[in-house]
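Number of protein chains: 4
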Amino acid sequence: MKKLKIVTIGGGSSYTPELMEGFIKRYKELPITEIWLVDIEEGKEKLQIVGDMAKRMWEASGYPCEVHLTLDRREALKDADFVTTQFRVGLLDARIKDERIPLSHGILGQETNGAGGIFKAFRTIPVILDIIKDIKELCPNAWLINFTNPSGMITEAAIKYGGFEKTVGLCNVPIRYMMMASEALDIPVEDLNFKFAGLNHFHWHRVWDKAGKERTNEIIEAVYNPNSTKEFKGMENIKDIKMLYEQIKDLALLPCSYHRYYYVSDDMLKNELEEFKKGETRAEVVKKLEAQLFELYKDINLDHKPEQLSKRGGAYYSDAACEVINSIYNDKKTEMVVSTRNNGTISDLPYDSIVEVSSIITSKGPEPLNWGKFDSAPRALLQHMKGMEETVIEAAYTGNYNKALHAFTINPLIPSGQIAKDLLDEMLIAHKNHLPQFKEKIEELENQ
Amino acid sequence: MKKLKIVTIGGGSSYTPELMEGFIKRYKELPITEIWLVDIEEGKEKLQIVGDMAKRMWEASGYPCEVHLTLDRREALKDADFVTTQFRVGLLDARIKDERIPLSHGILGQETNGAGGIFKAFRTIPVILDIIKDIKELCPNAWLINFTNPSGMITEAAIKYGGFEKTVGLCNVPIRYMMMASEALDIPVEDLNFKFAGLNHFHWHRVWDKAGKERTNEIIEAVYNPNSTKEFKGMENIKDIKMLYEQIKDLALLPCSYHRYYYVSDDMLKNELEEFKKGETRAEVVKKLEAQLFELYKDINLDHKPEQLSKRGGAYYSDAACEVINSIYNDKKTEMVVSTRNNGTISDLPYDSIVEVSSIITSKGPEPLNWGKFDSAPRALLQHMKGMEETVIEAAYTGNYNKALHAFTINPLIPSGQIAKDLLDEMLIAHKNHLPQFKEKIEELENQ
Amino acid sequence: MKKLKIVTIGGGSSYTPELMEGFIKRYKELPITEIWLVDIEEGKEKLQIVGDMAKRMWEASGYPCEVHLTLDRREALKDADFVTTQFRVGLLDARIKDERIPLSHGILGQETNGAGGIFKAFRTIPVILDIIKDIKELCPNAWLINFTNPSGMITEAAIKYGGFEKTVGLCNVPIRYMMMASEALDIPVEDLNFKFAGLNHFHWHRVWDKAGKERTNEIIEAVYNPNSTKEFKGMENIKDIKMLYEQIKDLALLPCSYHRYYYVSDDMLKNELEEFKKGETRAEVVKKLEAQLFELYKDINLDHKPEQLSKRGGAYYSDAACEVINSIYNDKKTEMVVSTRNNGTISDLPYDSIVEVSSIITSKGPEPLNWGKFDSAPRALLQHMKGMEETVIEAAYTGNYNKALHAFTINPLIPSGQIAKDLLDEMLIAHKNHLPQFKEKIEELENQ
Amino acid sequence: MKKLKIVTIGGGSSYTPELMEGFIKRYKELPITEIWLVDIEEGKEKLQIVGDMAKRMWEASGYPCEVHLTLDRREALKDADFVTTQFRVGLLDARIKDERIPLSHGILGQETNGAGGIFKAFRTIPVILDIIKDIKELCPNAWLINFTNPSGMITEAAIKYGGFEKTVGLCNVPIRYMMMASEALDIPVEDLNFKFAGLNHFHWHRVWDKAGKERTNEIIEAVYNPNSTKEFKGMENIKDIKMLYEQIKDLALLPCSYHRYYYVSDDMLKNELEEFKKGETRAEVVKKLEAQLFELYKDINLDHKPEQLSKRGGAYYSDAACEVINSIYNDKKTEMVVSTRNNGTISDLPYDSIVEVSSIITSKGPEPLNWGKFDSAPRALLQHMKGMEETVIEAAYTGNYNKALHAFTINPLIPSGQIAKDLLDEMLIAHKNHLPQFKEKIEELENQ
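Protein chains in written order, with my numbering: chain A, 1 to 448; chain B, 1 to 448; chain C, 1 to 448; chain D, 1 to 448.
Note that these hints are calculated values from the structure, not bench results. Keep in mind that a hint or two might mislead.
A pair holds if it fits inside one copy or across any two, identical chains being indistinguishable in the list.
To be verified - In the DSS-like style, the derived pairs of lysine-lysine whose C-alpha atoms are separated by at most 30 Å in a straight line are:
hint	residue 1	residue 2
1	97	364
2	373	210
3	249	441
4	44	421
5	160	78
6	28	213
7	332	213
Please construct the entire structure, taking both the sequences and the accompanying hints into account.
The following block contains the structure:
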């Protein structure tokens with residue numbers, strides 16, 4: 001039997017059961033022989049709980065896949081075929097800071113695109129580059145499937161600064177929008193065609209039916225027209241505040257949930273400030289949810305993914321990861337939306353950028369479907385976000401404080417000026433244990 | 001003696017004496033034979049006052065130039081060599097609305113880049129296109145020198161939608177920054193070299209001395225370093241709130257005054273809200289200043305530009321216009337910063353955009369010095385602004401309400417969501433007399 | 001039963017039986033209800049022969065598809081779902097001139113990229129634009145599948161000048177190269193992945209196996225290394241003269257058969273001059289072959305495609321056409337190489353160019369897989385050819401003689417100077433009956 | 001008195017007196033204190049002759065500039081302010097081979113764009129990179145003014161591979177075309193405006209008068225219309241064979257002399273073959289001319305540039321070099337045509353290419369006037385040449401034989417195939433003493 005080794009970094013994550021479920025479901029196509037769940041000292045307990053759960057799931061499946069739990073990343077990586085990353089530097093407590101500190105200044109935290117997302121990138125990029133160093137040494141032919149957020153920026157850092165081209169970034173948001181389109185049109189999702197393009201958590205899409213007719217505008221009507229009778233469930237991790245019909249009507253594109261931060265920033269902020277006051281920011285909710293999940297996972301009789309996991313915003317993420325791996329392994333040519341090198345796919349963005357686009361997943365990696373140009377209004381926001389992302393990544397890589405302030409200054413969710421600087425400084429100090437690149441500046445700030 | 005005919009649309013403007021002074025100063029190179037000051041019925045009285053003043057100025061100069069005052073634009077345009085535009089649709093009262101209505105919602109008005117600027121574009125674009133129709137018929141070989149704000153967008157509309165390539169847009173901001181550089185380095189302005197690139201009211205520049213040494217960073221230190229002992233006078237029309245040293249230090253570019261709205265938005269807003277409460281928004285201040293100026297102009301003994309005119313934010317505007325005309329007429333090849341077609345000058349912006357860049361002004365028009373690419377952080381903002389401008393112009397041209405809302409949504413100075421829509425609607429109604437293209441929508445709004 | 005109407009313009013072509021075979025083979029997926037074979041007066045007899053043959057083929061198949069023969073194009077087009085074009089303006093005699101006249105000057109004729117190809121474009125473009133006018137009126141929702149050569153230029157004219165976006169250009173060359181790769185690697189074609197990019201008759205490709213490993217260089221070794229023991233059959237319509245191993249070895253791309261004209265121009269010319277002397281230019285050979293085919297088609301017992309048809313260079317063309325139609329109709333997402341709008345797929349070519357690239361054929365048309373940039377050496381030739389194509393199309397559209405001469409001047413297969421002008425003039429006169437756009441110039445030439 | 005040190009590499013060149021004359025003429029603006037003429041052992045005698053002549057010229061001028069003659073390049077470079085390069089690796093005998101070997105195969109040699117030019121690049125690029133290594137160490141603030149041919153490729157190698165941004169490439173062809181325009185229009189050259197863009201020896205230009213009126217088409221009529229009565233002297237180094245009127249008439253651009261190789265290749269070849277037979281190739285003519293010049297230079301009474309020097313094709317080259325140096329030194333902002341980094345100036349060419357364009361020469365180097373896009377026909381050739389140049393430079397830098405063959409294959413002046421390979425091989429062997437990078441391959445070829 002041919003070896004097929006998967007390594008999951010951040011294996012102690014509450015999402016691991018979904019990942020296991022995804023692999024088990026695909027076992028006949030994707031006969032994994034060993035899975036290594038890797039975590040760090042601080043995550044040891046969670047790794048044990050979720051790792052035992054994973055073992056039970058495989059046992060129940062009847063498939064002969066070995067599950068290894070380890071804190072030794074290098075041992076795990078040796079000769080891996082696929083590496084998935086779902087770790088969270090600083091754990092959920094760091095995310096709580098990412099969200100609460102900005103809100104304490106009256107500013108949206110937003111753990112992927114806002115101040116929180118910038119700090120998540122600052123914490124994660126040094127770690128992902130370290131992992132890549134190991135991968136290049138220990139399993140240079142492996143594929144790295146990243147679903148650690150901010151997924152687009154992490155993928156860009158991995159490819160541009162880490163020089164590891166075989167990195168694919170993943171997100172579950174596109175899947176949600178495929179489902180929504182299906183719901184809006186009453187057409188099964190497999191009978192629709194989609195084209196997505198943009199950045200991670202910042203993409204647009206168009207929808208066609210099997211007869212080749214574009215249905216984008218009908219979905220706009222169903223979702224955004226106030227006279228529409230359709231009801232839609234939003235994304236679990238984003239408050240369901242709708243963009244205005246008139247904002248979307250002539251766009252000829254469907255926005256994604258994160259666009260709400262840019263289209264209805266007033267309501268989004270109001271809402272998050274309320275949650276903040278109640279101690280119910282998304283991070284806090286997730287922390288409780290996660291604690292409940294780990295309680296469930298401790299049940300030695302539980303050997304399948306519990307329903308409750310789907311309430312996490314990240315649902316489908318792991319399933320998408322399994323499908324990417326499956327499609328690469330078997331050259332299945334599944335059409336998926338992934339973060340990959342632009343190379344001209346979106347004409348409005350730099351050639352070497354990472355973009356999130358509809359791609360055919362082949363054994364040689366994702367082949368993006370060409371997109372071309374955007375109209376002026378979406379282009380304005382898209383180009384802004386990409387420039388912001390590049391600035392964040394550069395600051396994360398170099399530890400240049402002024403670049404970091406520049407990233408805060410141009411981030412559309414952060415008001416600029418002294419307020420942005422104060423927020424940056426406070427967050428640097430709060431996260432100091434996970435920001436080696438900013439060490440010197442943080443000490444200077446602490447001594448002021 | 002060869003005819004050389006200049007037509008000034010918006011001739012009743014308080015700036016006209018500066019324009020006259022500029023022409024008189026250059027008469028030996030630029031022997032103008034006739035100047036036609038054109039205005040509309042509502043501006044008749046001001047035209048008479050400032051026109052009489054203009055006549056006195058020429059008389060005092062001793063040069064044989066005829067000054068004509070007229071409300072008949074078409075008569076004036078016949079066979080013109082140069083047409084300058086400095087009109088303000090809706091006069092200063094419209095500007096007061098542009099500033100006060102947004103501030104009444106707690107939002108920056110900003111008469112060129114913000115909500116106010118968008119409405120100024122909405123009011124002005126139909127008029128400039130009308131003027132161009134006349135120019136094409138009556139003086140197709142003339143050059144159109146536009147200094148009506150928002151100068152970049154008006155120039156883009158004139159060239160892209162009006163199809164009149166011989167349009168040059170002007171602004172006085174670059175001149176101010178040349179002076180500031182000179183002050184910062186204690187080097188006469190003529191001993192410095194500059195390179196500006198970006199958009200109108202949204203450009204950056206670099207500075208070199210005559211030995212070819214770049215001095216940009218020294219100016220950054222002199223202007224932005226809190227330890228600097230240099231004092232600078234700001235632009236009269238923009239509150240002198242400084243950007244933070246750390247924001248600028250690693251930029252390797254000098255920003256312009258309008259960047260403050262994007263770099264220190266918090267202070268800018270606070271300040272304008274205070275002015276708003278005191279009834280001292282810039283528009284209101286200008287209105288008082290203008291009334292004083294017209295009082296002065298009535299003095300039949302006054303035959304030269306009064307000192308007080310320099311306090312207007314637009315000082316040097318008219319002088320720049322005279323110099324552009326002079327340089328075109330005499331093929332002087334003066335290096336100036338003008339709004340002109342991009343054609344690849346700035347690689348980050350669309351080929352057919354209007355950009356504001358250092359150019360050699362020749363008898364065949366401006367020849368932009370190539371600029372190339374920006375770094376990610378300034379690029380982010382620049383591309384955003386251009387996409388926003390394009391959306392504004394398209395909305396102004398088509399009268400499409402949804403495009404107008406989109407322009408408001410993506411404008412960085414306007415919070416997005418219902419608040420933006422409410423503001424848009426209120427401004428549409430407030431300016432209804434000057435927005436023929438939105439007539440139908442405004443009626444609908446009024447009937448709600 | 002739902003109507004599904006196919007119209008084939010140039011229905012009297014000897015390729016029609018292959019087309020019928022392709023449709024019959026796919027009938028269960030693609031239940032065509034009516035096929036209209038259209039031809040012109042001069043092709044009436046051939047239409048009757050091949051049309052009767054087509055009818056026998058369908059009868060033998062047992063499927064209820066009606067075959068109509070007509071000279072009335074407009075009647076045929078009414079409500080068509082798909083229109084295929086395989087006509088040859090001036091018939092094979094025109095092609096004989098395209099090849100023999102240049103060779104009589106010692107110059108390669110080359111019926112698609114050389115002087116012959118330019119004249120084929122000159123004759124065909126006015127006709128295709130006429131057809132499109134009819135399509136827009138009579139069946140605006142149809143897809144136009146063009147396999148009239150020069151397929152890339154005709155498709156570019158149809159989309160750019162005809163404004164008919166639903167045009168797809170086809171060629172059989174890529175299929176041949178897929179087969180060659182399969183032969184070189186001893187791997188079934190369905191177990192290989194390909195990526196093609198370039199222009200019609202001027203593309204490169206790369207090959208991977210199902211495990212994602214690139215095999216391009218192995219194919220280069222098998223095909224071009226003089227020590228290789230593999231034997232390959234060339235394309236029937238291009239003399240099998242090999243490019244040099246050293247030319248290809250470091251290219252990391254596989255060229256196509258038409259590249260021989262640019263890589264081993266000396267041998268190609270020598271060979272064609274020999275054929276010319278013997279009266280065996282490709283056109284003359286084809287004419288004989290075609291006469292034989294029509295003799296076969298007359299046999300009232302023949303009701304399937306005869307083997308001999310495969311000897312034509314165009315074999316697989318019709319099958320590719322059937323598959324494109326099938327994939328559009330059924331949204332099959334077959335990966336095929338087609339001529340379609342660039343839109344940034346190949347970064348080195350203009351956005352609005354037609355390119356020939358690997359695409360997913362969906363019900364909304366071809367979705368090109370993004371390609372990006374070429375290395376300098378292939379880029380040099382590719383950009384040259386595209387500029388040449390654009391010049392040809394513009395000359396064909398406008399009838400501007402100087403543009404036509406410019407196209408000849410920059411065509412790499414035609415020596416420049418007086419010789420090119422003499423050749424152009426002689427060909428204009430020789431083809432005068434099919435060049436309405438050059439009428440005036442031709443008369444002038446004849447009267448010299 | 002402030003030091004101002006000029007170093008001329010290839011100081012023994014027959015052009016040196018023109019250079020001296022140019023410096024003497026400009027002495028009041030450009031007070032050079034020392035000139036170092038550097039040459040190699042093989043050029044020692046010529047260096048002595050021309051160096052003595054140079055000394056006499058300065059003495060006659062009365063200006064206190066020291067002239068140093070040396071074979072020690074490093075000593076000369078120490079603290080230089082400007083370095084000019086006018087050396088010829090392998091001397092004129094190498095050029096004779098560059099021209100005669102191709103012609104012996106019936107192929108144009110062409111010492112800048114053809115096979116000869118490719119070999120000149122192969123020989124020169126290793127040397128220029130060596131010089132740059134010394135410059136970076138010994139005079140890192142100097143400007144390198146290169147007028148060694150092929151000037152564009154050498155400049156591209158210096159900047160891209162040598163990483164020395166302060167390199168400016170020069171050519172005298174544009175000056176000739178300014179004079180021709182002046183002659184054609186009967187307008188003094190200083191009353192005309194020009195815009196040049198393209199590559200070295202492959203550029204186009206447009207011409208305007210001081211009133212801003214374009215005069216390009218009038219010059220086309222005067223030069224190319226067979227009915228024109230104007231007579232023009234061609235470039236001394238290129239046979240005066242005219243392009244056809246119909247080729248140029250609708251171009252709206254004026255070509256340069258080297259375009260003849262691509263527009264009237266037949267006549268150019270015929271002519272050079274005749275010269276070849278007579279032993280009068282350009283290189284041989286130049287060698288005789290040069291011998292005569294050195295005879296003149298030996299005259300100890302000669303202390304000014306002799307008239308005969310102007311007959312060399314390179315006349316004005318040295319004067320252009322003096323003017324570039326003067327304009328950089330004094331920030332004169334002279335408009336000149338130089339080879340410099342593209343950075344988007346010509347949209348059709350790669351961002352990092354070297355292009356030859358109208359530029360303002362400032363103390364910070366050349367500032368190119370933006371050009372934008374070309375029409376399809378000139379674009380085709382231009383892009384081809386740039387890709388060819390890149391391939392040549394890469395082959396020259398790496399010593400990759402296959403790349404070299406590729407450069408030969410795609411060079412439009414060399415027929416492709418075995419003939420190109422044979423020519424390449426023969427030239428490699430013939431030039432083996434100056435091609436260290438191809439050493440191994442040459443040995444292999446010699447042993448075949």
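Now for the hints, and whether the structure bears them out:
1. 97 x 364: Cα proximity of residue 97 and residue 364: none, with 40 Å in one copy and 47 Å across.
2. 373 x 210: Within one copy only: 24 Å inside, 32 Å across.
3. 249 x 441: Cα proximity of residue 249 and residue 441: across copies only (15 Å, versus 47 Å in one copy).
4. 44 x 421: neither (36 Å within a copy, 51 Å between copies)
5. 160 x 78: Answer is within; shortest intra-copy Cα gap is 24 Å, inter-copy 40 Å.
6. 28 x 213: Between. Shortest inter-copy distance 23 Å satisfies the 30 Å Cα cut-off; intra-copy 36 Å does not.
7. 332 x 213: So residue 332 and residue 213 pass the 30 Å test inside a copy (26 Å) and across (15 Å) alike.
Comparing the model with each earlier hint shows violations of hints 1 and 4; every other hint is respected.
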